[in-house]
Each structure stands twice: as C-alpha cells, then as structure tokens.
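2 protein chains.
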Amino acid sequence: MSLSSQPYKGTRDYYPEDKRIMNYVFHTWRTVVEGFGYEDYLPPLLEPLELYAAKTGQEIVNEQTYTFTDRGERTVAIRPEMTPSVSRMVAARQQEIGYPARWYNIANYMRYERPQRGREREFWQLNADVFGVAGPEADAEIILLAHEIMKAFKATEKMYTIRINHRELINAMMRDYLGLSTVQAELMIKLFDKKGKIPHETFRDTAVEIFGQDAAPEGLRKIAKLISANSIDALPAELADLKPVQELQQLFKMIHSGGARNIVFDISLMRGFDYYTGMVFEVFDNHPDNNRAMFGGGRYDGLVSLFGGESVPTVGFAPGYTTMEVFLRSHDLLPEVSSTTDVYMIVLGEAGTGASKLARRLRSEGIKVAVDITGRKLDKQIKAAVKMHIPYMLFVGEKEIANEVYRLKDVKKQREQELSFERIVTSVNDYRGRNKDELDI
Amino acid sequence: MSLSSQPYKGTRDYYPEDKRIMNYVFHTWRTVVEGFGYEDYLPPLLEPLELYAAKTGQEIVNEQTYTFTDRGERTVAIRPEMTPSVSRMVAARQQEIGYPARWYNIANYMRYERPQRGREREFWQLNADVFGVAGPEADAEIILLAHEIMKAFKATEKMYTIRINHRELINAMMRDYLGLSTVQAELMIKLFDKKGKIPHETFRDTAVEIFGQDAAPEGLRKIAKLISANSIDALPAELADLKPVQELQQLFKMIHSGGARNIVFDISLMRGFDYYTGMVFEVFDNHPDNNRAMFGGGRYDGLVSLFGGESVPTVGFAPGYTTMEVFLRSHDLLPEVSSTTDVYMIVLGEAGTGASKLARRLRSEGIKVAVDITGRKLDKQIKAAVKMHIPYMLFVGEKEIANEVYRLKDVKKQREQELSFERIVTSVNDYRGRNKDELDI
Numbered sequence: 003m004s005l006s007s008q009p010y011k012g013t014r015d016y017y018p019e020d021k022r023i024m025n026y027v028f029h030t031w032r033t034v035v036e037g038f039g040y041e042d043y044l045p046p047l048l049e050p051l052e053l054y055a056a057k058t059g060q061e062i063v064n065e066q067t068y069t070f071t072d073r074g075e076r077t078v079a080i081r082p083e084m085t086p087s088v089s090r091m092v093a094a095r096q097q098e099i100g101y102p103a104r105w106y107n108i109a110n111y112m113r114y115e116r117p118q119r120g121r122e123r124e125f126w127q128l129n130a131d132v133f134g135v136a137g138p139e140a141d142a143e144i145i146l147l148a149h150e151i152m153k154a155f156k157a158t159e160k161m162y163t164i165r166i167n168h169r170e171l172i173n174a175m176m177r178d179y180l181g182l183s184t185v186q187a188e189l190m191i192k193l194f195d196k197k198g199k200i201p202h203e204t205f206r207d208t209a210v211e212i213f214g215q216d217a218a219p220e221g222l223r224k225i226a227k228l229i230s231a232n233s234i235d236a237l238p239a240e241l242a243d244l245k246p247v248q249e250l251q252q253l254f255k256m257i258h259s260g261g262a263r264n265i266v267f268d269i270s271l272m273r274g275f276d277y278y279t280g281m282v283f284e285v286f287d288n289h290p291d292n293n294r295a296m297f298g299g300g301r302y303d304g305l306v307s308l309f310g311g312e313s314v315p316t317v318g319f320a321p322g323y324t325t326m327e328v329f330l331r332s333h334d335l336l337p338e339v340s341s342t343t344d345v346y347m348i349v350l351g352e353a354g355t356g357a358s359k360l361a362r363r364l365r366s367e368g369i370k371v372a373v374d375i376t377g378r379k380l381d382k383q384i385k386a387a388v389k390m391h392i393p394y395m396l397f398v399g400e401k402e403i404a405n406e407v408y409r410l411k412d413v414k415k416q417r418e419q420e421l422s423f424e425r426i427v428t429s430v431n432d433y434r435g436r437n438k439d440e441l442d443i
Numbered sequence: 003m004s005l006s007s008q009p010y011k012g013t014r015d016y017y018p019e020d021k022r023i024m025n026y027v028f029h030t031w032r033t034v035v036e037g038f039g040y041e042d043y044l045p046p047l048l049e050p051l052e053l054y055a056a057k058t059g060q061e062i063v064n065e066q067t068y069t070f071t072d073r074g075e076r077t078v079a080i081r082p083e084m085t086p087s088v089s090r091m092v093a094a095r096q097q098e099i100g101y102p103a104r105w106y107n108i109a110n111y112m113r114y115e116r117p118q119r120g121r122e123r124e125f126w127q128l129n130a131d132v133f134g135v136a137g138p139e140a141d142a143e144i145i146l147l148a149h150e151i152m153k154a155f156k157a158t159e160k161m162y163t164i165r166i167n168h169r170e171l172i173n174a175m176m177r178d179y180l181g182l183s184t185v186q187a188e189l190m191i192k193l194f195d196k197k198g199k200i201p202h203e204t205f206r207d208t209a210v211e212i213f214g215q216d217a218a219p220e221g222l223r224k225i226a227k228l229i230s231a232n233s234i235d236a237l238p239a240e241l242a243d244l245k246p247v248q249e250l251q252q253l254f255k256m257i258h259s260g261g262a263r264n265i266v267f268d269i270s271l272m273r274g275f276d277y278y279t280g281m282v283f284e285v286f287d288n289h290p291d292n293n294r295a296m297f298g299g300g301r302y303d304g305l306v307s308l309f310g311g312e313s314v315p316t317v318g319f320a321p322g323y324t325t326m327e328v329f330l331r332s333h334d335l336l337p338e339v340s341s342t343t344d345v346y347m348i349v350l351g352e353a354g355t356g357a358s359k360l361a362r363r364l365r366s367e368g369i370k371v372a373v374d375i376t377g378r379k380l381d382k383q384i385k386a387a388v389k390m391h392i393p394y395m396l397f398v399g400e401k402e403i404a405n406e407v408y409r410l411k412d413v414k415k416q417r418e419q420e421l422s423f424e425r426i427v428t429s430v431n432d433y434r435g436r437n438k439d440e441l442d443i
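Chains as they are written, first to last, in our numbering: chain A, 3 to 443; chain B, 3 to 443.
Some hints could be false.
[Unchecked claim] Taking lysine-lysine pairs in the PhoX-like style, the calculated list, with each CA pair at most 25 Å apart, reads: (1) A:K156 to B:K21; (2) A:K160 to B:K359; (3) B:K57 to A:K11; (4) B:K160 to B:K255; (5) A:K359 to B:K255; (6) A:K57 to B:K11; (7) A:K359 to B:K153; (8) B:K379 to B:K414; (9) B:K359 to B:K411; (10) B:K156 to A:K401; (11) B:K255 to B:K245; (12) B:K385 to B:K411; (13) A:K385 to A:K21; (14) A:K359 to B:K160; (15) B:K359 to A:K153; (16) B:K160 to B:K197; (17) B:K57 to B:K196; (18) A:K255 to B:K359; (19) B:K385 to B:K401; (20) A:K21 to A:K11; (21) B:K414 to A:K21; (22) A:K359 to B:K156; (23) A:K160 to A:K224; (24) A:K196 to A:K227; (25) A:K255 to B:K401; (26) A:K224 to A:K245; (27) A:K385 to A:K359; (28) A:K197 to A:K224; (29) B:K197 to B:K227; (30) A:K382 to A:K359.
Because the hints were derived from the structure by calculation, they are not lab data.
Excised from the complex, chain A in its bound form (with noise of 0.2 Å):
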C-alpha cells in the first residue's frame, strides 16, 4: 500500500505557482514595515505551554493550541501567536535593548481550526510591535502601518475599514454604563465579540440572559443606543468624559493627519486576546463577498512584566497570509507573478558543455538561468519551458556557441531575436527593471 500524497488535514502545499504569490504578499509587507524601521527577529517555533494559559485566552489554549509532553517531560506549545514570545525575548534583555524598539516577523503558526476559507491549520503572518512608547503615537504608528500595508497592495480606502475601540472603554461600558458584574461581563464580551457571525435573535436571547430577566429590558435598550450611536463624540455622558475617550479623540487625528480617513469607532469591537489593555483595532473586508475582519492588533502594557522584568508599554499587529490573499483575489489586486528564472536554456544536439559554460556566463551577469539537462528532444524542452511559466527561452546549439549568437524567443510576446550574449543580458535585465549597481549588492 502505498503512503497518501495529500497533506496533513487543514493546511496547504505551495508549489511554486503558489509560493510566488506568497512571497509577492510576503516582500511587500517586509518592505513596507522596514520602510518604518522595524527590524526582523525570531523565537522558536515552540514555548511552553504555560506561556500561552497566561493570557493568550481560553478558547485558543484549550481547543485550538497543539500542545504535546516531548521526550523531555516538558508540556511544549506549537505557537499559536507571536505576543508571548517577543514579549518573552524582550524581558531577558529589558536593559541591552533601545526604545522604541520596532521589531518584526514573517512566521508560520498552528492552530487546530475547522478548516474554512481564508483558515488554515498552518498559518503564516507578519507579527509588528513598538516597545516602549506609552503615548497615542504608537498606537497611530502602528494604525498607520497597517493602513500603509493596504496600500503598498493597491487598495483604496474604500475596500477596508479600520474600526478602533479602546479596551478601557469596553470595561467602563460593561462595568459602569450597563452594570455588569465581572462574570457577566466577561460573558457579554464573547457574545460582542460573535456579533457578526450570529442572528440577532440569538444575540438578543444571549444577552437577556447574561443580564437576567430583570434588569434585561433596560440593558437592552442601553446596548442598542450604544451600538445606534456608533461615533466617538455621540458616547452617552456617562462614558463620553472618560480618559480613554479623550485618548481615542488624538489618536483619531493623528491617523487622519497620517493620511488614512477609513477609520471609524466601533463600540463592538472587543478582540479576543486578554492581554489587551488599551487601543484595539481590526482591518475589516468591505467586499460583499466577504465581509470580515481581516486582521488586527493593539494595546498590550502588562506582557513584558509577566517574566519578572519592569512593564514595557507596547502596541503591534498582525496580519496573516491566508485573509489577505482571498482579500487581494476578492478585490482582483494580485499581480501576475511569472516564475523567478528569468531564462529556460534550450540545449540543441551535442552542445552540454558549451551551454554550462554560457549559462555560468549568464549568472555571472545576473541573469537567473534554468539549462535543460535532459539530453531529449527540442519539442520536449520547449514544453517544459512553458509549464514552468519562464519569460524566456534561449536556443543553444554548437552552432550558436561558434557563432556567440543566440536566439532568445520572449515567451509572452512569442517573439525570437538573434542576439549577442550582451544584447541577452540588457534584454531579459531590462524585462526585469534590473541594472548593473542592483546586482552588485
């Protein structure tokens, strides 16, 4: 019997037409971060288990977090975020490092989900914090990157939305305005939290029992004004006056002065992580199709300290690799992304070693050169060569060797030239907006 060729439930091969497109996602996002000067860092993909059980919240630890004993008796963690590591990894070196610290990653996660569009059970994203900086200009950073982020992929504003809420707020809103005990509010934010997902029925059933009988018509009333009134500046008076209101009002024009105006309040939106403790934010899909939270990130002050250091003010996000390709589908933003080998070497008859040593010439110039080595027929390599979706072909034959004149057929334009070996490289360079100083580096 022979072993399955499929992969392990819930995730994804990428052959190289998929990598390309992932690794398109993956530079523009390293380009744009490093743009504002985040540096790029790394833990290791397992933790402790306990790292996560601190704060991570409960139904990521307990349902969806692969966790094993390894052959050390150590209760281990396939990390299921960034947050705990990098706040980890900051604590050991609190006093080496300089704030802000701007530090970023591209990682693979794993989390055990029911397998859905835009899931899946390996997952990778862009992990991007600031450390150390306890004001509203942080928080706008890290709003404004996210923001700079769609950008770089072509969006318009008016494909995404970025709601923002403060996690002070939800807690003044359950505790003083609706009067929850803490129980209850703990409650009444998963409920917030599912909004989207369920009818309203069943959100409005939920919520009379979270309330009790009593005191649910009056809660009601209060969640429906609430979430009517949808503005920072239409808060009813008993939370309009507090401190994290004011805050969000700076934040609001630091960001608009940044440039992005897709920015709204939501009351609603809570986020699922415990360890937030300020601003939180997510960037949500406009499309129809797809109307969804993408990504999102904020506020978390108390991490640092868990592991013994002082507290460390901190704010970041996350977007992932899976939400942002069906967003950048949905939306037809992705570019055709060819193959990364610039030329497919045709070799005729006899000429192996010649076009070796043409090819090694080529690479010496930069161009990135696939020899066929087969040995088979012409049509055969030709067919080849397209499957594999390389811009160009180069016929190499003992005759063109003697000659150093070579065609080079530009596969989409199906145009052939005869060239000299420096007409090749301006040619296929040119093709990819390279030049000379480029290649140096």
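Take the given structure of chain A and dock chain B to it, following the hints.
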C-alpha cells in the same frame, strides 16, 4: 511567580542583530539557487509520522522526531527533514509538473538532539532538489550548486572539501568485496558513519565483532586497503569495473569542468538516510577547530513512487544555517551587517507632526526611517539610535522644517552635514548602493 524568559531548551532566540546575519545567509542561498533556476515551494510543518518511518532512518524517527497525537487522533511529526514532504508533493502532481523540476525552500525543522555547538533543536536549512533527471548531469549540477554557495560566501577551496561516494558502490563493497550479509552490512555502514567521531580502537573492535573472529583479519586488511587508497582510480579489481565507478568518473569530469577542484572520492562516506540510491556527497569544513561534515546530499530515485506515482529520479542537498554560521565565523567570512533601517530621526521640541511628514516623504523615496516618537530629551534619543546600529541620524526641529535644511549624521564616520531633502536622499541611497530604478520594482 514570574514566567521564565529563557527560550525552550536547545533552541535560540534570534534578536535583530542575530537575525540580520541569518538573513544575510538566507539571501545568499536564495540568490545562488535562484540563479540556477530553482523555484521556491513549501509543504506544511506537520506530516503523518509514517512519512518518515518509511525511509528517513531509525535513529531520527525513534529518537529525534517531535511526534505527537493531534486533537483528531492523528499521529503526526514536526518535519525533521524536507525530502519525504517534497517527494509527496511531486507525487501528488506528477503529470502537471514540468521536468526537470528545480525546487528549493528555506524552512524550519525540529529534531530532539543533544544541544551542542552548531546544533539546535529547531534549525533552519536550505533544501534544493532536481526532479526528473537520471543522468550524472543532475548530480554534477547539485554539487556545483553547493560549491557556488560556498563561493558566494567568499570561501576559498582550501577552506572546505567536497567528498563523494555512491550508494551502489557502498553496497557492492559490503556485499561483494567484504562478503558481509545484509544485517552485517547495515551494522558496518553505521560504524563507517561514526568513523570520524570514535577512537580508532573502538572502530577496529566493533568491526571485528561484525565480521566475526574468523573473517575479521581478512576483513580488516581489506578495509585498510580501501581507505588508504581513497582514490577512485585505485580501487581493487573487484570494484573498479562496476557501473557506479564509471558514473563517478564521469561525474568528477563534469564537476572539474564546472570549476570545482576541491572534490575527493571517499569510500568511507555513508550518509545516514535510507533513501539514497546513487551518488552521495558531503561538504567538509577544513578548519582545524571544526573539522567535520557541514552538510550533504545525494540521489534518491525511489521516494516519489512510495506515494503511488511512477518513480522519478531525484538528487538534492540541504545546508543548515547553524553549521554554516559556525563555518563563516571560524573562517572570518561574516561581513558586518548593520540595521536594515537607514535613518533614525531625532525629533527636537514640538516638531512631531512635521517630522512625521518628513519621514513619509523620505519613505516614498525608498529610505527606511525610524522616528523617535517618545518626546524625550536629545541625549536619550541619540543613545537609542546608537544602540540600534542605525547608520544615520537625522535631526529635525521646527527651525529645520521651516528652512528645509536638516542635520544628517553619519554614525560610523562621526561626520555631520547640513543637507536639503534631495541631498539626504542621495547620500543615504548612495551609501546603500541603491538607486531609483531598483526601488520601483
């Protein structure tokens, strides 16, 4: 009690200064293999354990693999190597793929090994394979690729040696020349594999046990003869006429013609994986402190067909990051790698909004700018920039913004200049060896 800030045992936290070096190595790998037409791909991190049980080798599967049962009762493993996964992917799309398929990736792996220098439980490696070519042209390409990687790191041929052997020759040596049974041969191969790491006496005593007292003297004599010859042209008559010997002679010619001279035939080279069927090779570090195999590879023609497809001839190799880093350090080949950030913007007084605007303009010219958003005193801002190893500081106050002239400090040269916006862009891009064309990609 606070949580530990240490990484999981046997693994490492890569801080920005460490990750920069890792990224330099990854970038070099990527540039070389893409130059040969290899394309990036990626299978998932987890695979069913049975994937490795088939051919990876008992030691790795039974003692080193991170294996566990998932929430759906599947027995899975974190990949300890790439070969079974990539063979599975090729089998799943055997008809659609264009051959020779040249595939590579840079991915993370885990093995539960005793932590030591140059070895980590989570490790990163490059994996590159050619599928679909049975002839020695593919073996030569893979070995020359390894050689080109070493050259790209500026290693000279004296710093390392490429050792080559052939699995069929090993089998013939064990069976026909030494007269061993299958079980004896397996033990002897394991013993050869450890030869460099154990005392000579241990080797001899174990060999005597394997041969049995009667056969031992003749067996030991033959082994000594083989090892002392250690040239492909000096093999005893019983082996000299075999097909693998001719194949290797042809291969050596091709490699020499490709420009590599530091290759040797080594009859004692075994390689641990059970799936090899032809040529095997290893790249050895010649540094006296560090004399050992850095990485290797070989031909495995039977793996794709385990997944139900036709058999596909394949040859590949996999250098790891940690051993590569040790090599580069001990031969003093690591370049100084500064921060990816170009400019640290020191913000004077109340210039925050203007500074942000200036930063946006610089970014649109491809300059990577971190803005100090703390509002703290000048000396503290400067200290942070120095800690981060950012090559330039830019001083921006209200006066500078009004006059459109700013102070740019080259940190390494300790030189300050008053410059216009345009001059800042030119200075920084020149320093990085960039130019306008490149930024448009």
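With the threshold set at 25 Å, check whether the alpha-carbon distance from A:K57 to B:K11 stays at or below it. At roughly 22 Å apart (the allowed maximum being 25 Å), B:K11 and A:K57 satisfy the hint.
Mind checking the alpha carbons of B:K385 and B:K411 for me, to see if they're no more than 25 Å apart? Roughly 14 Å between the alpha carbons, so the hint for B:K385 and B:K411 holds.
Assess, step by step, whether the Cα of A:K255 is no farther than 25 Å from the Cα of B:K359, and give holds or violated. holds (14 Å)
Tell me if the straight-line CA distance from B:K385 to B:K401 falls inside 25 Å. Holds: B:K385 and B:K401 sit about 23 Å apart, inside 25 Å.
Would you check the hint for A:K224 and A:K245, treating anything up to 25 Å between C-alpha atoms as holding? This hinted pair holds, its Cα atoms lying about 21 Å apart.
Within 25 Å, alpha carbon to alpha carbon, are A:K359 and B:K153? Between A:K359 and B:K153 the Cα gap is close to 17 Å, so the pair holds against 25 Å.
With the threshold set at 25 Å, check whether the alpha-carbon distance from B:K414 to A:K21 stays at or below it. At roughly 39 Å apart (the allowed maximum being 25 Å), A:K21 and B:K414 break the hint.
Can the restraint linking B:K359 and B:K411 be considered satisfied, given a maximum Cα separation of 25 Å? holds (20 Å)
Has the given pair, A:K160 with B:K359, been kept, meaning a C-alpha gap of at most 25 Å? Cα-Cα ~24 Å, so holds.
When you check the alpha-carbon spacing of A:K385 and A:K21, does it fall within 25 Å? holds (22 Å)
Between B:K160 and B:K197, does the CA-CA distance stay at or below 25 Å? Answer holds: B:K160 to B:K197 is near 23 Å, not above 25 Å.
Is the hinted pair A:K382 and A:K359 satisfied, with a Cα-Cα distance of at most 25 Å? Distance ~22 Å between A:K382 and A:K359 Cα, so the pair holds.
Checked against the numbered hints listed earlier, the structure breaks hints 1, 10, 21 and 23; every other hint is satisfied.
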